[in-house]
Each structure stands twice: as C-alpha cells, then as structure tokens.
Amino acid sequence: MKVLVAVKRVIDYNVKVRVKPDNTGVDLANVKMAMNPFCEIAVEEAVRLKEKGVASEIVVVSIGPKAAQEQIRTALALGADRGIHVETDEEVQSLEAAKLLKAVVEKEEPKLVILGKQSIDSDNNQTGQMLAALTGMGQGTFASEVVVEGDKVNVTREVDGGLMTVSLNLPAVVTTDLRLNEPRYASLPNIMKAKKKPLDSMAPADLGVEVAPRLSTLKVEAPAARQAGIKVADVAELVDKLKNEAKVI
Amino acid sequence: MSILVIAEHDNSSLKQATLNVVAAAKAIGGDIDVLVAGENCGAVAEAAAKAEGVNKVLVADNAAYGHFLGENLGELVAELGKGYSHVLAAAGTTGKDFMPRVAALLDVAQVSDIIRVESEDTFVRPIYAGNAIATVKSSDSIKVVTVRPTAFDPVAAEGGSASVEQCDVVKDAGLSSFVKEELAQSDRPDLASAGIVISGGRGMQNGDNFKMLENVADLLGAAVGASRAAVDAGFVPNDMQVGQTGKIVAPQLYVAVGISGAIQHLAGMSDSKVIVAINKDEEAPIFQVADYGLVADLFEAVPQLEEELKKVL
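Which chain is which? The protein sequence lines are A and B, in order.
Residue numbering for the first sequence follows the working numbering, starting at 1 and increasing by one per position.
Residue numbering for the second sequence follows the working numbering, starting at 1 and increasing by one per position.
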C-alpha cells in the first residue's frame, strides 16, 4: 500500500528561540532550520512499514518555501521514494495546509497518511485531524503504536490517563507522538542516492487551493521571566519556608 | 454572543478542566451552554448544570460517544456549533483530538491552547514551546478554541442551576472503533489538576526510587510527575510526563527532584505558584526558576523531607 507522509520545515529544536524586538514574530534570519521532530518520527514509521513489507511506496510532501526541499531530500535519504513540494512563500495555516494535503491525497490516493502531531513552531496540533475530517478519514492521533491488519489499522494513542487503542478503516490518518519510534540517521550513501529520487514541485493554485490565512498575529512577545528565588541550607529550612513563608503546605 | 463549551468527563464524573474552560468562556462573555457527549453520562450532566455561569446543559447520550472518538464527536459538535459564536474545549488529549475536526467541518480556523482572552475574537497563546507568546485574532464567524485549563481559575462547581436538555443528534461516522484502554490506576490526585506536584528526573536513577517521591506525595496529597528524561530512561510511564510534550501543570506547589530543568520541562511547569528544586548540581537551570532551591543529594534530602513533613503536618 502507498503511504503519504507530510513533513514541515521548522526552526531546529536545539536553537534558542528569540522574539524580534518589534514584536512581529520570532527571529528566523540565519537560524538553523530542520525537519520538525514529530515529522521525523512520521517518516521513520513509514520506512519501518516499508521494511516490514506493509508499505510499498512512500511519498513525502512538504508545503513551504523553496528551501523546504531540503527537508523533502532528508526524508528521501531516510527511505521515502519520491517527493512532492507545494511551493509557497506565504504563511500557511493549519486549515490551508489540510486543504492542500487533501488535494494531494485525492491525487495520490494513499492508504495511510502519517503526520507529526504538531509542529514545534506554531504548536497547533491541528493539521492531521483537519485533513482527516476534510477527506472523511478516521484518525489515530498521538500514536505510540501503529499496526496495519488487512483493511484496518490499529493505533495505540497516548491519552491523558494512559493509552487508548482504536481501530480505523483504511485509508486513515495517523499523527505521531514521541514514543512511536526513534528515528534513524541518514547515511551518506543514502543522502547521495536521495538527490536522484524524483521530486515534483507545484504551486497551491495547481492544487486548486487558495491560501488565505484566517488568523492574524497581532504581536509576539517573550514570556514573562520567572525570577530565581533563594537557596535554603537544609530540608528543615525548606519545610519551614514552605509552611510559614509561602504557606503552600 | 453564545458559547458552547464541550465538557470533559469520563461518563461518570465531570473533570475539573471543564470548570476552567467555562471560566474562559465567561471571560469572552455571553450565554454559556455546556455539551455533555458520552454514554450513560447523566450524572455528568447534573454536575455540569450546577457549575457557576452555565445557562443550559445539552446531553448527547449515545454509545457512539462513549469513548469520545474524534470522528463522531467532531460531526456532533460541528452540527451543534453552527448555532454558536464560539465553541470551546479543554486542550487535553480529547479536545486536541476532535476540535480540529470540528473546525475543518465548519471551514474555520482553530485557535489552540489559549492562555488568555483579550476580546471576543482575540486570544493569547504560547508558541515555540512557550518560548514566545502570540496574540492572535480570528476573522471567522465561529471561533473554535481550545483552552489550556491551568491558565484559567475554575468557576465554582456548585451554585448554578442550568436547565438540562436531551440532544438526540446521533453521529456515528463509522470510521473508527474503540479497542481497549490501559489507564494508569492511582489513588493520588490527577497530575493536571493537583494542588501539589512532586516530580522526579533522571537523577532518580531508576523507577523503584520513585517510591521515595510517592511517600512524600502521600503526606502532601500530591500527584507524582516526571521529566521527559525520566520517561525516556524508562523509569516511569509517559502519562507521568510533565513538560511541553507531556502534561502542562500549574499547581500551588511544584517540587522538582533530580530534574535539571530542560526548556521543554520548564514549559510544562513554570506557571506553578511556588517551585522547589532539589538537585545536587548547583548549576542546574532548574534553580533559575525555583523559589526555593536546595543543593543536596536527593537520596538524603527526600527521606529527610518525608521526616520533616511528618513533624509539621
């Protein structure tokens, strides 16, 4: 079966985020960018499904500026077979991303679509669910285990109280949580091979989708800094402070 | 304006997070209705009707909603939501699952995980794991919003007298079915709503040592949490994880034991009222956010803490 994986180019998770002095956003100039960590887990899961013989082809799609092709190439180096780049320099919000992905799904007709549960920049946690709703698919969100059986997929989900397993009809959408797998690193020969794998580029208009943000960001600020308090000498002093000064016990 | 709040519950009791979301709805202003969708959830509806500030409780009691499957809840809430200016739910794993489906079916954007209401269409939310705070304005006719419960003080659980109406809309999308659930069993309070939380990190060295924290937690009536490092090391299960990728907590007292204070952990607990850090590394970043820091070997300090607490409690 064909698996479609959506990946997003975001700020590298090791980079310290700085808010721009004019409060219009986060400073991304000359900042290292990378594949969103949850998307790496999505790619890895697809590759494992292919290694198990469950997936026959992995198509990776990314929406974003020209440079997002770097993340598509990374996914190709990790084991995806071909890439689709929906190129736009505009801000693409979750609903528009879901509409673009829906158009790709209609073209490619994958049996399984895997996405990260959220991107570490906007932290929305929406696109996978929106895509599932728009395409009329079931969804296994925050997955920690994915087992394909015949025309169904069983997804174990990380929920507030523990774990919950659902069975979904295929085609279905899965969004990844951290414990689903540990992504591999791309080897140098695979990075070289990835350069020769096919990568199609298209504009949102080619997919018949107009990118028009519904949410406008009025300002972005740094969070209020918390002041460091005092050091206590021993446990007795700590308990005394908690009881008599902070009055929390 | 009219606001539909989707109750968070387990079919037998109303979760406190619902009261926090009603508080966010009050901050927006307007009539507040609460939808209780579940199976055999009458007691939940009665509890919701008593919450302060609730106008009407709608009860959708059907097997299709018994396990809160996102496909079914999404269709139900999208249909009911057409009659409201705002649809709100807690940003827990249930709300995060079905609310984007609601937004997509209504063809509107969703505003996720708000921590403040600026006006009826403008909300404040953390981005970049809490390293930046964005103020966003929605131009959609229906605002679909998930609310970070710890950011809003809950409304009173008693005192209201809302009417309770049955809602007979049955939406079974037929796309998904429940297989099983493995919920952590604990007599301690729920991590997300506990007044006191004591968490252990990699410094705990193994899962057995968490027993020391449990002893202290039982004295304080506290919940026990963990850092992602402790979860990744396999000491404790993931549902104990506090942090950007785990649970966001904001208790009266947060005690971090053997936790260095990685950004992703701080993002999950730095709104706590009082923070205590116990760590043998004086340079650990956790001390930069702690109100009271104790530089000590946790294997000595935690048993001492238990003894000292026994004296004063």
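Just so you know, the hints here were simulated from the structure itself, not pulled from any lab data.
Watch out, some of these pointers could steer you wrong.
[What the hints assert, rightly or not] Calculated cross-link-like contacts (lysine to any residue; reagent style SDA-like; alpha-carbon spacing at most 25 Å):
1. K247(A) <-> A156(B)
2. K247(A) <-> A296(B)
3. K82(B) <-> A212(A)
4. K152(A) <-> K311(B)
5. K310(B) <-> T24(A)
6. K247(A) <-> P303(B)
7. K137(B) <-> D123(A)
8. K231(A) <-> K310(B)
9. K247(A) <-> V295(B)
10. K32(A) <-> Q264(B)
11. K82(B) <-> G136(A)
12. K180(B) <-> L170(A)
13. K243(A) <-> Q304(B)
14. K241(A) <-> Q304(B)
15. K16(A) <-> A156(B)
16. K311(B) <-> G136(A)
17. K20(A) <-> K310(B)
[Said to hold, decoys possible] Which bits of chain B does chain A cover? Going by a derived footprint, with three or more residues having C-beta under 8 Å, they are:
18. 56 to 63
19. 70 to 77
20. 158 to 169
21. 177 to 183
22. 246 to 255
23. 269 to 279
[Unchecked claim] If you want the ones that stay clear, here's a sample from chain B, every Cβ over 12 Å from chain A, calculated:
24. G29
25. A43
26. E46
27. D107
28. R125
29. D208
Bear in mind the structure is a predicted one, so any value in this text is a computation, not a measurement.
Positions of the beta carbon are idealized from the N, C-alpha and C atoms, including for glycine.
Tested hints:
| no. | hint | in the structure |
| --- | --- | --- |
| 1 | K247(A) <-> A156(B) | 23 Å, holds |
| 2 | K247(A) <-> A296(B) | 23 Å, holds |
| 3 | K82(B) <-> A212(A) | 22 Å, holds |
| 4 | K152(A) <-> K311(B) | 58 Å, violated |
| 5 | K310(B) <-> T24(A) | 52 Å, violated |
| 6 | K247(A) <-> P303(B) | 21 Å, holds |
| 7 | K137(B) <-> D123(A) | 16 Å, holds |
| 8 | K231(A) <-> K310(B) | 22 Å, holds |
| 9 | K247(A) <-> V295(B) | 22 Å, holds |
| 10 | K32(A) <-> Q264(B) | 19 Å, holds |
| 11 | K82(B) <-> G136(A) | 19 Å, holds |
| 12 | K180(B) <-> L170(A) | 19 Å, holds |
| 13 | K243(A) <-> Q304(B) | 16 Å, holds |
| 14 | K241(A) <-> Q304(B) | 15 Å, holds |
| 15 | K16(A) <-> A156(B) | 40 Å, violated |
| 16 | K311(B) <-> G136(A) | 60 Å, violated |
| 17 | K20(A) <-> K310(B) | 50 Å, violated |
| 18 | 56 to 63 | violated (count 0) |
| 19 | 70 to 77 | holds (count 3) |
| 20 | 158 to 169 | violated (count 0) |
| 21 | 177 to 183 | holds (count 7) |
| 22 | 246 to 255 | holds (count 3) |
| 23 | 269 to 279 | holds (count 5) |
| 24 | G29 | 20 Å, holds |
| 25 | A43 | 19 Å, holds |
| 26 | E46 | 23 Å, holds |
| 27 | D107 | 8 Å, violated |
| 28 | R125 | 8 Å, violated |
| 29 | D208 | 21 Å, holds |
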